[in-house]
Amino acid sequence: MRWGAAWSLGYIGDSQAIEPLHKRLEIEEVDDVREQIQEAIEKINEQMRNAPRLSISIESSGSLCVGEWDSLIVKIINDGQGPAKNVNISTFGPLDCSCEPISIIQGGNSLRSKLNVRPLELGREVPLSIHMTFEDDRDRKFESTNKILLEVANINEVKSRSKPSIIVHGNYEVIESGTR
Amino acid sequence: MLEDLIWELSEEFENIDPEEDKIKYERLRKKGRYYTDRFVSLFERTDDDDLRGALVTVLGELGDKTAVEPLLKVLNNSLEDDLLRFNSAIALGRLGETRSVESIIEYFRFTEVTEDLWEIGAWSLMGAIADIGGDRAKSFLVEMLKHNSDQIREAASKYLRDFQDDKVVLSLIKALDDSYDLCDGVLLGRWDT
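Protein chains in written order, with the working numbering: chain R, 1 to 180; chain B, 1001 to 1193.
It should be emphasised that the hints constitute simulated quantities derived from the structure, not laboratory data. All values reported here derive from a predicted model rather than from experimental measurement. Even glycine gets a Cβ: it sits at the ideal position worked out from N, Cα and C. Accuracy of the hints is not assured; some may be wrong.
Computed from the model, here is a short list of chain R residues facing chain B with C-beta under 8 Å [claimed, not checked]:
(1) 3
(2) 12
(3) 34
(4) 102
(5) 104
(6) 132
(7) 142
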C-alpha cells in the first residue's frame, strides 16, 4: 500500500507529508514506489507554490477607549500565488468586535478591511486573539490564530495622549498610522 | 413495454463510459428519470430476480433518491440473492445518500467472512462507501488501512485521497511504512487515470 499512500498524499497535497515522503524515499527499494513518491513530492511542492499565503497587518488611528466603538484597519496580504477565498476574521477577548467577511483575495494582492471593536476592559496589555480562516481554490480550509495586546485607556487618558501604542505578539505587524 | 425499457436502459448503462460519452449518458438518464416512480414500484413488487437485477443497475444510474429505501431493504435482507445485494450496495454508492453507508459497511463485513474471493468485490464496496463520503465512510477507510489483506489496505489508501484532513494525512503517512508495496496489475488498472 506504499504506492497507494504516496499516490493519495500527492493528490491531497498537504505539506506535512513532504518530510515523511523524503524519508521514505531514502530507504525505498521498489522502483514503482520510488517513482510514485517522487511524483507525490513534486505535486505537493507545486500545490504549495500555488497556495495562498496570508499575513495580517493592523493599523490603528490611536489608542482605544474602554466602552467606545472604534475601528482597527486590518490589512490582509496574500503573498502566495493562489487565491484565498472566504476569508473570515473573528476575535476572542474582552471586547465586542465585528468584521465583514471577504470573498476573495487574489494571489499577490492585499485588501483592507475594517475591524470594529469596543473594548470592555481597561489596561495597558489587553489580550485579543485574532482567528483567521480561509480556503484555497481546491476548497481546502486553512486557519491561524495569533494574539495581540491592545492598550485600552479611559476617555480622558486618550484625549491627553499624543501618541497611541499597540503592543503586538505573534506574527502580526502593526502599522501606526498617526494620532487622533 | 416498461420491462423492455428497463432491459434496454440496463444494457446501455452497463456498456457506457459516462466520462467518454457524457451526452449519451445524460440522454439515457433523462429518458429513464421520467419512469423512476414506476421503476421503483415494479422493483418492490416483482419476484423476477433478473428484472430486479436490471432495475438495480438502472435505479443506481438515474440518481433519484426515492430508490434509496427499496435498495436498502434489499441490501439489509440476508435472505436476498447475494449478487442482488452486492449490486444494490454499488447502486446506493452512486445515489450518495449518507444513511446508506452503515448498511454497505455491514454488508462488506458480511462478505468478508462468507466469500472466498471477496477482495475484488470489496474494492467496489469500498468505492461505493467512498463515493458517499462523510465521517463514517472516512473512519471506515482509515480502519481498513490496518486490514490484514494487502489489497484492502491498498484500496483504502487510494480511496482516502478524497478525504482531506489531518487524520487521513497522518494515517497515510504511517501507511508509507507498510510492508506491501503495490497492488497487482488488474486492480491497479482502475487507478491509472
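Quick rundown of the hints versus the structure:
1. 3: This interface hint holds because 5 Å falls under the 8 Å limit.
2. 12: It holds, given that the least Cβ distance between residue 12 of chain R and chain B is near 5 Å, below 8 Å.
3. 34: Constraint on residue 34 of chain R not satisfied, violated at 10 Å.
4. 102: violated (23 Å)
5. 104: Hint on residue 104 of chain R: violated, closest Cβ of chain B at ~21 Å, above 8 Å.
6. 132: violated (18 Å)
7. 142: violated (12 Å)
In this structure, the hints that do not hold are numbers 3, 4, 5, 6, 7, in rising order.
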